[in-house]
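Residue numbers (the working numbering), protein chains in the order written: chain Z, 1 to 294; chain P, 1 to 121; chain R, 1 to 336.
Derived from the structure by calculation, the hints contain no laboratory data.
Cβ atoms here follow ideal geometry from the backbone N, Cα and C, with glycine treated the same way.
Incorrect hints may have been included.
[Stated by the list, open to error] Covered by chain R, per the in silico footprint, the following chain P stretches (three or more residues, Cβ under 8 Å): (1) 30-36; (2) 40-46.
[To be verified] If you want the ones that stay clear, here's a sample from chain R, every Cβ over 10 Å from chain P, calculated: (3) PRO2; (4) ASP3; (5) ARG155; (6) LYS194; (7) ARG232; (8) VAL246; (9) GLY250; (10) LYS252; (11) TRP291; (12) ARG336.
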Amino acid sequence: MDFNNLQEAQQYLQTFTDPAEREIAEANLFRGPTVPTPVRKHIVVLLHGMNTNAEWQEALAESMRNSPELEPTVVGYGNFHPVKFWLPYVYRRGRIKKVLTDLRGIRTRYPNADISIVAHSFGTYIVAKILAAYSDVKLYRVLLCGAIVDTDFDWNAVSSQLKDPVINDIGRRDIWPSMAKSWSWGYGNSGVIGFQNSLVRDRHFDYEHSDFLNVAHMRQYWLPFLVDGKVVSSSFSSLRSVMSTREKILRAFCWKYLIMLGCAVGALIHYDVVLGFFNYGMELAKGFTAIWSA
Amino acid sequence: MSSDKFDILIDEFPEETALVRRLRELIARALATPGRKEFSPTRLYDELHPTNYRIMIRVLSSASEKGLLHKHIRVESSSGKGGIGDFNSLIDVPPRLYDSRIGRDVEVMQDQLEMIYSIER
Amino acid sequence: MPDANQIKTVLDLLQDATSKEVVQEFLKKKGLHHSGTWPVVREKWLTPYLNDFQITLEELIELVVSSEESGDQHVFLFQCSELADVAEMFDEGRVHAALRAMGLERLIGARDIERKPTTPTLVEVRWDGHPVAQTLTIKEAEVHKKHVLQKEKPRGKILVKYYVEQEVRAINIAKLHRDGLLEVRIQSRDNTTKYGRDVNRFLRQINQFFPIARFRELSLTQAKSAMWARRRELGDLLRYTNASVVDESGHKVHAATGHDGGKLDESAAARSVDFVLNDDENAYCSDSNLWFLKSDHISSSVHVLLEGDSNEFAVPRKCSAEDYEYVLRQIRHFNR
């Protein structure tokens, strides 16, 4: 036992909220020598998706407590409303900047540490943007799930910023990457199709968008990768059925162009209404200009 | 004994398939004769030949969760004459306990605590 | 003539680091008188011998160094099966580079026998063996705090116990052998039998020299079983005072001599242990308390406890480096 007395050991165990992790921590109190913490710090940044309080980050951080090699750090960018998510560029830049500042802050505080990232959904978009635009950001291990990064993302251009191959966990029943690509700009459906790139290991699961975010999956598939770089294969990868043509079309169909076309057609049909709005807008602008000049 | 549970265990720890198979054999051997069988982690380390102690604990923890074996925390009498109480968890161990081996209450010290895994039909 | 202060310092260190018997054995090998208590050995033998140059301070310092590394320890054994990995760990260039990066290159061949650092500190790195190094040793010094009861004082219905805190230099050793064996020797504490925390901490400290992920715990269960089974034929080598066996139900049989100097081997109690081992194929020797007996190979009897973790044994008393090496060789031999 590693504590001064029984009461201290009991208090330590009571800090674990996950019963499975508490069991392991308890067993570790009785055991002999263990694999020790490496001299080099390994920080794992946990980056959530949009429109979520990201409880999974706390759950993953908890499951890392029995792996003293890892130091989890939860990074967030606040709740990202779907409307902001849809609008290209305007609101995304601020979120990217925020995470970039955090990453640089971690690097400044721990110049010799290894930094890995686990990102979900919009978090994956942020990671890709940062890697592409900021060559000073270097990462040890990268794990993506529910990825909405373009499948054509140039991983080779950022290969010098990566130590190990990237893991991309794919949910076969995940509709959101396809929706993101279809309804907006700048996103991709790599969370469904995969990158099929030599620097990325695509791993398929029979999951929906957020099904990865459970402790059992994290413990089985993520921890071995984060701790040892070990890629645990998914049995579903070889068993999955080929996507039907209908599904391929539905996923690939770009609704955004249809909407734009619809708006253009609507504008042409109701030209007088559109012109009326335009004239009203011009009168308002003239009025404000007159008041301002006075 | 459910082979499904062992299959789930292998799915959970695919890189430790050999260890899970040895665990299955050990449990089968224990269940072949009546009575409760007990193993210390040290003994299990010898029987299961894990890659390392840490992975063995993870596998045993998961096996215990699935009901394949049971984990206890045992308070041993300081007289060395045997156990005086088994508990499901360290958290459940009281600060004082009646030591039936010597016939009086004692304060439970860390060195008296052992972890035991048991298998019973 | 050596300085009196220097002599006192070295003799104090010697008395802290080892047992009187080890010092007496050292003098005996030199053909010098050696009997008596510690004060006698110091004042009647060692000091005059130093003044007469029959022994040197350097020799005594050497004795301190080797003695503080042997005995009064719990030893944990690990094995690396990849000899290429072992060769890499032995590589002098690699070790020099690692120490240089830590600003500790001065530790190579350093001789530290006095320091009581407030936190565990690496104090020495050395290769031993000619012409090819056979072992690589990393030494760590720390301070153990002992609490010695001074007095008890009742205050009404409360009993107050007063303890004096004493700081004692403690030495931990990690020694890698050419065949891949890693010994981790942790100095014993007087308030526990569990050393998991100490081992973990020390392994972290030395991980860049001996990456523990490349090692596996070396179970000594085979040694326990083999030595007990052959105890009669090994009667000149071993003396058992306690033996425990556990059957598959977790039931235990303990056999112990009544007298500390007794021998368990031929007794009915010992045969009851044999009975359990023979009756239950899943029964095993859990704990053994034995002595390696003085002989031509070992200068004095060495007490060994084969208990605790699967890869652990303890040498509760200080012994000479040669005697320790002999015990380790025997345990490894029976563990095959």
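Against the structure shown, which of the earlier numbered hints fail to hold, in ascending order? Violated hints: 6, 8, 9, 10; rest satisfied.
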